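Participant: The residues making up each chain are set out below.
2 protein chains.
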Amino acid sequence: MKFGVFGTGMVGLAISNRLEELGHEVMIGTRDPSKSAEKLKSKKKAVKVGTFAQAAAFGEVLVNATHGAASIEVLKMAGETNLDGKALVDIANPLDFSKGMPPSLFVSNTDSLGEQIQRAFPGLKVVKTLNTVTAPLMVNPRQLAEGDHQLFMCGNDVVAKETVCGILKSFGWLNIIDLGDISNARATEAILPLWVRLYGKLGTAMFNFKIMQ
Amino acid sequence: MKFGVFGTGMVGLAISNRLEELGHEVMIGTRDPSKSAEKLKSKKKAVKVGTFAQAAAFGEVLVNATHGAASIEVLKMAGETNLDGKALVDIANPLDFSKGMPPSLFVSNTDSLGEQIQRAFPGLKVVKTLNTVTAPLMVNPRQLAEGDHQLFMCGNDVVAKETVCGILKSFGWLNIIDLGDISNARATEAILPLWVRLYGKLGTAMFNFKIMQ
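First to last, the sequence lines map onto chains A and B. Following numbering that gives the first Met the number 0, the numbering of the first sequence begins with 0 at its first residue and continues without gaps. Following numbering that gives the first Met the number 0, the numbering of the second sequence begins with 0 at its first residue and continues without gaps.
It is possible that part of the hints are untrue.
Same chains, same label: a pair holds when it works inside one copy or across any pair of copies.
In silico lysine-lysine, DSS-like type, Cα no more than 25 Å apart, as pairs [what the hints assert, rightly or not]: (1) K75 x K160; (2) K160 x K200; (3) K1 x K160; (4) K209 x K98; (5) K209 x K168; (6) K85 x K75; (7) K168 x K200; (8) K1 x K75; (9) K34 x K47.
These are computed hints drawn from the structure, not numbers from a lab. All of these numbers come straight from a predicted model, not from anything done at the bench.
With the hints as constraints, model all of the structure from the sequences given.
Facilitator: Below, the structure written as structure tokens:
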């Protein structure tokens, strides 16, 4: 499958590398492809690099691995016609570092970044997931407790969720909870304040939640 | 030990019964003691019932098991002089049902109910805990996965947290994570939107989170 991945940070690279490892074709979208190509080359990865619009046009499935505060702008640069009808795996979190640490959220409670993206691009099929775990766990969940922990997913489009679920399973995810429509992003983005504090408390980002029942 | 418990709902009764079972003396504080005494009598429980002020004066340790929206008002009725210097186990959540289901929070993100209570009553030693699990689990955590799941706690006063931690352990809690000062209530109250959705999804309130690492 062909993927367009927005963002060249830790998350974007982890997702891109894992997708290529699994035999997919990936183009990373970035603000400045020549600069990013240099950076990615130095990591000896053979990924394609393009503009956000090129990556969006290339991908059959898209991945939002940008900072939450930049996500809407990036998707605008990607261009609505390049996005229309495609599934977007939205990993971004609406973290607001402007008020110091630990970060707060710039949208929360009665709205979410996932919903903002879905409203701004009605033709996109936004699937919010992976935003509650650290990048290495996103793409290789079985390195923690043999995969015995949960991932949350939500979105309005059932077929898009099935597609994304298949990708997540290929990453190694065993327990994926589909919470329902995209408004559930309010709940999963709201975990971040706890996640950040646990990260500080536990001294590691290699953790996740398991629901005991 | 003597406890003053505010609230005659499921949480207040579960806590009161468990404390009495463990040999403590409990007075439940309520808006209308005569009405509540009748209700509690019908449940064949031998608990003392008084006004919020009487329960506050009676307790060496206090428990806020009221609805979040009523908490500050209840504590005002309890009277600052009856509260001063005492530990308050704050179980209330700032749930807002006015916008429909699932509920949102009436304070969140950059503030919390725990902090609001601490600011309103500086002489109280607010310890936020137990607000992330259902009442039966609060007082008997080992009925789920033999206690192999986590409880969060936070508050500004170290001695008050030690006292509360001892009570929680006597309830059966094995894994209590002290997140730090009361501002961490922002993070633990923010779990509620996810909790409510999981409750709907799983069809049971008898669940809790275990942190896998």
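Participant: With reference to the structure, classify each hint as holding or not holding.
Facilitator: Each hint tested on the structure:
Taking CA atoms no more than 25 Å apart as the test, K75 paired with K160 passes inside one copy only; the shortest distance there is 23 Å, against 49 Å between copies. Taking identical chains as interchangeable, the C-alpha atoms of K160 and K200 lie at most 25 Å apart only when they sit on different chains, with a minimum of 17 Å there against 33 Å within one chain. Proximity of K1 and K160 under a CA criterion of 25 Å is satisfied intra-copy only: 17 Å inside one chain copy versus 53 Å between copies. Taking identical chains as interchangeable, the C-alpha atoms of K209 and K98 are never at most 25 Å apart, the minima being 31 Å within one chain and 30 Å between chains.
Taking CA atoms no more than 25 Å apart as the test, K209 paired with K168 passes in both settings, with 17 Å inside one copy and 22 Å between copies. When the C-alpha separation of K85 and K75 is checked against a cutoff of 25 Å, the pair qualifies only within one copy, where the shortest distance is 15 Å, while the shortest distance between copies is 55 Å. In this homomeric assembly, K168 and K200 come within 25 Å of each other (Cα to Cα) only across copies, at 21 Å, whereas the closest approach inside a single copy is 30 Å. Taking the closest pair of Cα atoms, K1 and K75 come within 25 Å of each other only inside a single copy of the chain (21 Å); across copies the shortest separation is 61 Å, beyond that limit.
In the homo-oligomer, the alpha carbons of K34 and K47 lie at most 25 Å apart inside one protomer (13 Å), although the nearest pairing across protomers, at 72 Å, exceeds that limit.
Consistency with the previously given hints fails for number 4 only.
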